[in-house]
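*Asks:* These are the residues of each chain, in order.
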Amino acid sequence: MRRLTGFNIIALTLGFAFLYIPILILVIFSFNESKLVTVWAGFSTKWYGELLQNQAFLDAAWVTVKVAFFSSIIATILGTMAAFVLVRSGRFFGRTLFSGMIYAPLVMPEVITGLSLLLLFISIGMPRGVVTIVLAHGTFSMCYVSVVVSSRMASFDRSLEEAAYDLGCSGWDAFKSVTLPIIAPAVISGWLLAFTLSLDDLVIASFTTGPSSTTLPIKIYSSVRMGVSPEINALSTIIIGIVTFGVLTVSILSKRAITRQRLAERAAEQH
Amino acid sequence: MKFSRSLLIGIPYFWLFILFLVPFGIVLKISLSDIQLSIPPYTPTLDFSEGWAGFREFLSALDFENYIFLTEDDLYWKAYLSSIKIATVSTFFTLLVGFPIAYSMAKAPDEWRPSLMLLIILPFWTSFLIRVYAWIGILSNEGFLNQFLMGFGLISEPLTILNTNTAVYIGIVYTYLPFMVLPIYATLEKLDGTLIEAAEDLGCTRFSAFWSVTAPLSKPGVIAGCFLVFIPALGEFVIPSLLGGSETLMIGKVLWEEFFSNRDWPVASAVATILLLLLIVPIVLFQRNEQKQREEGQ
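Protein chains in written order, with the UniProt record's numbering: chain L, 1 to 271; chain A, 1 to 298.
The shape of chain A in the complex, shown without the other chains (with noise of 0.2 angstroms):
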C-alpha cells in the first residue's frame, strides 16, 4: 500500500518535474548565456566531473547581457507595455460582452440551462485556430462585414479593419468569451433571487437593484472572468500574427519572430523569462482570489 502511494504520487510528479519544470531551469540558463553563432549547446555548461569548481565556472560565465541588450532596443519594452494594453482592453471588452450573457443566462429556465451551457462551450471544443482564421474572411476589406455594411448604405468605402489592433480585440473577445461567461454564470446562478425581491420591495427600480444587489455579488466571478481572459491574452501569439498589423506589438509574437526568424535563442529566453515575471502578478493574484472565494463557500 506503501509502496504504491507512493508511485501514484511519483509518477506524475516526475513526468511534471522533467517535462515542466526544468525546461524553465533551461530557458533561465540559456537566457543568462552568451549566443555562440546560435548554435546549440550554448555555453556556459554545468561540468559536474569538476564538483564545486566547475559549478562556480559555470556562474560566472552568466551574466545578464541579453536582459541588457532587451532594455537597449525598445522595440522589446514597447511590445510588453502593448500586450499589457492589448490584453487589458480586450479584457474590458469581453466583459461587456460577457456579462449579459452570463447574466441573462442564469436567469433562463432551469430547462434551458444545459443546452445554453452546451452553446457557450461548444466554441470552446472547436479550433481555436480555424475560430481566429473565420475572422479574416469577415473582416478583410473585401468581406463580410464590410459588404453588409455597404449593402445597407451605412457606410460608402469598406473599413480597414483586417491588419489592425481592433481586429485583435475582436479575435480576442470571441476567443475568449467562455472563459468570462462561465465564471459569471456560476456565480449568478447560485446567487439568491429573493434578494433581489427584497431590494424591489424596498423601492428599489429594477436598474439600481440590479446595481446594489446583482453587481456587487458577482464580482467573484467577474475577478475570475477578467484573470481568465488576461492571463493568456497577455501571451497570445495566434491572434496577433493572423488578424493584427505591423502596428500590432505583442510580445508573444515578438518571442516566436526572434526564435524562428531570428534565431537568437538566448534573447528569446530572455524575452519569455520577463514576460513569465509579468505573468506571475496576475496569476498569483487570481490565486488568491480564487482561495478567498472557497474560504468564504465553506
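Extracted from the complex, chain L is given alone in its bound form (with noise of 0.2 angstroms):
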C-alpha cells in the first residue's frame, strides 16, 4: 500500500496545483501596479496602500474583528460545555433533541440559519448590530467547537481525572489541573475555527445585521458585485497571510505538544 504510482503523484500535483494555483493568481496579482486585475503591468504595493487610507473596509475590518472575538469566546466556552455534556452526562431528559441541535447547525444552509435568527430578532424587539451578529455566530460556531472538543475529549483516559478526584481535588480543580490541559488543543483549535468562520461568514452576518454595522465579507460581496479590484486582492492576501499564519502556528503548536507528551509517556515507561 505504501507505495507511490505514477498516477499518485500526478493526482497529488494536480490536486494541489487546483487548490491552490487560483490563490496564488489572486496574492500575484495583488502586487499588480495595473487597474486592470487580468494583466499584468509590473510590480507594486500601491494597492496595500490604498487599502490602508480607504476608511470603508477599515472600519469595517474593525466590525469584523470585534465580531470575531466576542463571538468566538462565546463559542469556545458553550462548545466546551456542550462536548462534555455529550460525551459525559450519560442520559438526561431530551438528550436526543439537544445532540441534535448540536450537529443541525453543521449541515443548515446559511440562508435558513440567518433568515430565522433574523426574524427571532425581530420578534423579540431586539436592535440589530455589532450584538445581534455577536450571538449569531456564537451560536453556529458553538457547534463546530463541540465537535472539535468532544472527538478529543473520547479519546483521553479517564483514570487521570479519578486519580485529581483521589488526590482530593474538586470537580472544578480536577477540570482546571488535568482536564483542561488534556484538551486544550482541541479547545484552542476549536477557537481558532470559531473566530475564522465568524471572520468568513458572509451570508449569516447579511441577515442579523444593522445599517451601521457591516463585516468585511458584506464589504467584499458588495464590491465584488462591482466587478474585481486589485484593493479587494490586496485585501484577500492579507486575510489569506493572518489565516496561514495562525494555523501553521496553531498545527505546530499542537505537533510539539504532542511530541512532548510521547516524550514523557516513554520516560514513564522507562521508569
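Just so you know, these hints were derived from the structure itself, not from any lab. Computed from a predicted model, the values in this text were never measured in an experiment. There may be inaccurate statements among the hints.
Computed footprint of chain A on chain L; a stretch qualifies when at least three of its residues, placed anywhere within it, have a C-beta under 8 angstroms from a C-beta of chain A [what the hints assert, rightly or not]:
| # | stretch |
| --- | --- |
| 1 | 6-13 |
| 2 | 16-22 |
| 3 | 79-85 |
| 4 | 220-227 |
Okay, derived cross-link-like pairs now, PhoX-like style, lysine-lysine, Cα gap no bigger than 25 angstroms in a straight line [unchecked claim]:
| # | chain 1 | residue 1 | chain 2 | residue 2 |
| --- | --- | --- | --- | --- |
| 5 | A | Lys78 | A | Lys107 |
| 6 | A | Lys190 | A | Lys107 |
| 7 | A | Lys190 | L | Lys255 |
| 8 | L | Lys35 | L | Lys46 |
| 9 | L | Lys255 | A | Lys107 |
| 10 | L | Lys176 | L | Lys255 |
For every residue, glycine included, the Cβ atom is placed at its ideal position computed from N, Cα and C.
Build the complex: two chains, separate frames, hints provided.
*Replies:* Here it is as C-alpha cells:
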C-alpha cells in the first residue's frame, strides 16, 4: 500500500495545483501595478496603500474583528460545555434533542439560519447590530467547537481525572488542573475555527446585521459585485496571510505538544 | 455536584433552544401568515392573555396561502429542481476530483501525511468568499484560463464560462473538495494493504484489485463525502450569486432575493421551510450511514 505510483504523484500534483493556483494568482495580482486585474504591469504595493486609506474597509475590518473575538469566546465556552455534556453526561431528559441541536447547525444552509435568527431578533424587538451578529455567530460556531472538543474528549483517559478526585481535588480543580490541559489543543483549535468562521461569514451576518455595522465579508461581497478590483486582491492577500500564519502556528504548537507528551510517556514507561 | 451538572447541561441547552430551535418555529409561523404590507409583526400573533381561545384564534388565522403561491409560480419549483440538479452534478464531479487525491494521500509515506493533511485543510480555513472570488478573475472572458488556452492556440476566441452553470460547478467542486477528500482519506488510511497484495497474488491486475478490493472498502468514506458536499451545496448562496448567471437558478439565491429585494418575508419563510424539508431526507440518510459505520467499527 505504501508505494506511490506515477498515477498517485500526478493526482497529488494536479489536486494541489487546483487547490492553490487560484489563491496564488490572487496573491500575485495584488502586487500588480495595473488597475486591470488580469494584465500584469509590474510590481507595486500601491493597492495596499490605498486599502489602508479606505476608511470604509478599515471600519468594516474593525467590526469583523470585534465580532469574531466576542463570538469565538462565547462559542468556545459554550461549545466546550456542550462537548462535556455529549461525552460525559450519560442520559438526561431531551438528550436526543440536544445532540440534534448540536449537529443540525453544521449542515443547515446559512440562508435558513440567517433568516430564522433575523426573524427571532425582530420578534423580540432586539435592535440589530454587532450584538446580534455576535449572538448568531456564537451559536453556529459553538457547534463546531463542540464537535472538535468532543472528539478529543472521547479519546482521553478518564482515570487521570479520577486520580485527581482521589487526591482530593474538587470538580472544578480537577477540571482546571487535569482535564483542561489535556483537551487544551482541541479547545484552542476549536476557538481558532470559531474565530475564522466568524471572520468568513457573509450570509448569516448579512441577515442579522443592522445598517450601521457592516462586516468585512459584507463589504467585500458588495464591492465584488461591482467587479474585480486590485484592492480586493490586496485585502484578500492580507486575510489569507493572517489565517495561514495562524493555522501554521497552531499546528506547529500542537505537534510540539504531542511530541512532548509522547516523550513524557516514553520516559514514564522506562521508570 | 447535582446542581453543577444541571447547570452544565442547562446553559448550552437553553442557548441552542432559544437561538436555534425557537427561530425555526418563528419561520414556520411567518410562512403561514399573511403579508401585511411587509411590516412586522405579521398577523397572526399568539395572545397569551386569552388562553385557549386565543390559541384557537391564532391557529385559525394561519393558512397555507404562501405555499399555494409557491406551487403556482413555476419559478420556485424550477429553482428547487435546479438546485437538486446542480448539487448532484457537482457532488459527482467533486468525487471524481477528490477520490484520486484521497487515494494517493493514503498511499503516501507516513512522514508525508501530516503535511498532506495540512495542505488539504489549509484552503478550508481560508475565507470561502475569497476562494470563490479568486475564480472570477480566472473564468472571465479576459481571465487567466482563456488567456492560457488562447496562448497555447487551443481555442481561437474566449470561452464564456463565468456567469454560467459551469462556473457554479467549478466553484462548488473547488470550495467543497476538502469535505470529499477527508472522509475518503480516513477510510482508505485504515485499509489493510495486505488485502490488495492477496488479491494481486490471486491473479488480479492492479486495476481489478482496485475495483474488487479498494473501491468497495472505501464506500463508507465515499458516501460520507458525497453527503458532506451535497447537503451544503443544495442551499448554496455565495457561489451561484458570484459565479452563476441569469440561467443559474438556485433556491438559496431565490430565498435571498425574495427576502432582500422583494421584502416578502412570509414567502421567503415558506421557501426556507420547504428547503428544510428537502434537506431532511439526505440528513437522515447521512446520520443512518454514520450510525451504521460506528456500529461496524465497534
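*Asks:* Kindly indicate which numbered hints from before are broken by the structure, ordering the numbers from low to high.
*Replies:* 5
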